[in-house]
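Enquirer: Those protein sequences? They're chains X and S, same order as listed. According to this note's numbering, the first sequence is numbered sequentially starting from 10. According to this note's numbering, the second sequence is numbered sequentially starting from 7.
The hints are simulated quantities; they were obtained by calculation from the structure and are not laboratory data. Bear in mind the structure is a predicted one, so any value in this text is a computation, not a measurement. Glycine included, every Cβ here is placed at the ideal spot set by N, Cα and C. It is possible that part of the hints are untrue.
Restricting the straight-line Cα-Cα distance to at most 30 Å, the calculated cross-link-like pairs of lysine-lysine (DSBU-like) are [what the hints assert, rightly or not]: (1) S:Lys-59 / X:Lys-174; (2) S:Lys-59 / X:Lys-194; (3) X:Lys-134 / X:Lys-174; (4) X:Lys-194 / X:Lys-125; (5) X:Lys-166 / S:Lys-126; (6) X:Lys-134 / S:Lys-128; (7) X:Lys-194 / X:Lys-174; (8) X:Lys-174 / S:Lys-128; (9) X:Lys-194 / X:Lys-55; (10) X:Lys-174 / S:Lys-126.
Short, incomplete list of chain X residues facing chain S, as computed with Cβ under 8 Å [unchecked claim]: (11) Ala-49; (12) Gln-117; (13) Arg-139; (14) Glu-160; (15) Ile-170; (16) Val-176; (17) Trp-193; (18) Lys-194; (19) Asp-196; (20) Leu-198.
Far from chain S, some chain X residues (derived; all Cβ distances over 12 Å) [stated by the list, open to error]: (21) Ser-19; (22) Asp-153; (23) Leu-171.
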Amino acid sequence: MVQGTVTFISGGARSGKSTYAEQLLVTQPGRLVYIASGVAYDQEMKERIAKHQFDRRMDHWETIEQPLNIHEVLPFLQAGDLVLWDCMTTWLANELYEGYEAGNPCWQRPGCLEGKTEQLLRTIKQISERVTSLVIVSNEVLDDWPEHGQETQLYRKTLGILHQKLVQQCDVAIEMDHGLPIVWKGDPL
Amino acid sequence: MHVIIGGAYNGKTEYVRRLVGDQPVQFCTMETAAASDERLVIVGLLDWLRQTKMDEAQSLQAVRDVMTPDTIFVLTEVGRGIVPFEAEQRELRDRCGRLYQFLFEQATEITRVWYGIPQKIKGVK
């Protein structure tokens with residue numbers, strides 16, 4: 010079986026990671042698929058999403074809104090697809106509070122986040138077995154002062170471990186620094 | 007002396023384990039560091055600074071006393087974020103940053119770890 014390429018791109022806010030990720034894919038032949046995990050809860054998020062959509066207007070992207078349960082995108086993906094997932098940090102925040110309305114958010118349920126991250130890593134592997142290229146965008150949030158509430162602490166730990174596993178599992182790993190890609194692993198196309 | 011630095015949960019300790027291989031090493035904190043035939047790997051500097059009764063000069067001297075040419079210090083990056091709201095935490099963050107600067111200056115080798123991948127930033131041959 011031909012294995013698709015998995016690229017992990019992480020960076021700070023406004024580091025140009027999404028733009029760089031898009032550029033990696035639009036230069037290749039194939040259907041462009043965008044997995045969006047951000048949810049427009051308020052006006053600011055609506056504007057941020059609109060800005061990302063405006064930046065992608067020149068190329069034709071099939072967009073899948075998937076704030077939770079990334080495995081649900083699998084039936085929509087085809088051989089040859091060029092897939093961009095933006096981004097892992099918003100997805101993890103969504104999963105952290107999944108069940109909040111029912112008074113029982115994931116971060117308070119024993120083993121819940123571990124289960125979700127293990128499933129995600131399996132999903133990424135399954136996606137890569139089907140498509141040509143998968144680019145995953147995430148954020149650098151672990152270089153700050155470590156005084157946070159319990160749920161944020163759990164979020165940081167889960168994200169860090171997930172990043173480590175993903176960097177191990179992926180073909181290319183890039184840290185974006187204000188538009189400058191620093192390649193830690195592999196060769197970007 | 008070798009410094010390993012990286013963000014929280016970036017696989018720094020795991021990297022040190024790979025680096026030293028079968029070599030006998032002793033993972034310890036500043037509180038538990040003692041003269042040993044084994045190579046010392048010192049972790050948890052921030053937690054030590056937070057609870058120590060020593061003043062800054064004394065804590066610096068304590069680090070000097072423990073340090074040998076083959077000691078490894080594992081540092082968690084803490085200075086790249088919003089200024090903490092509480093004065094006490096700002097003071098601790100500054101103290102920690104100054105200790106890190108001292109260790110960077112003393113180190114013959116510094117390795118930055120990003121999710122398990124090492125990059126040598128000082129002592130590059």
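Enquirer: Which earlier hints turn out false for this structure, listed by number in ascending order?
Expert: 1, 2, 6, 9, 11, 12, 13, 14, 19, 20, 21, 22 and 23
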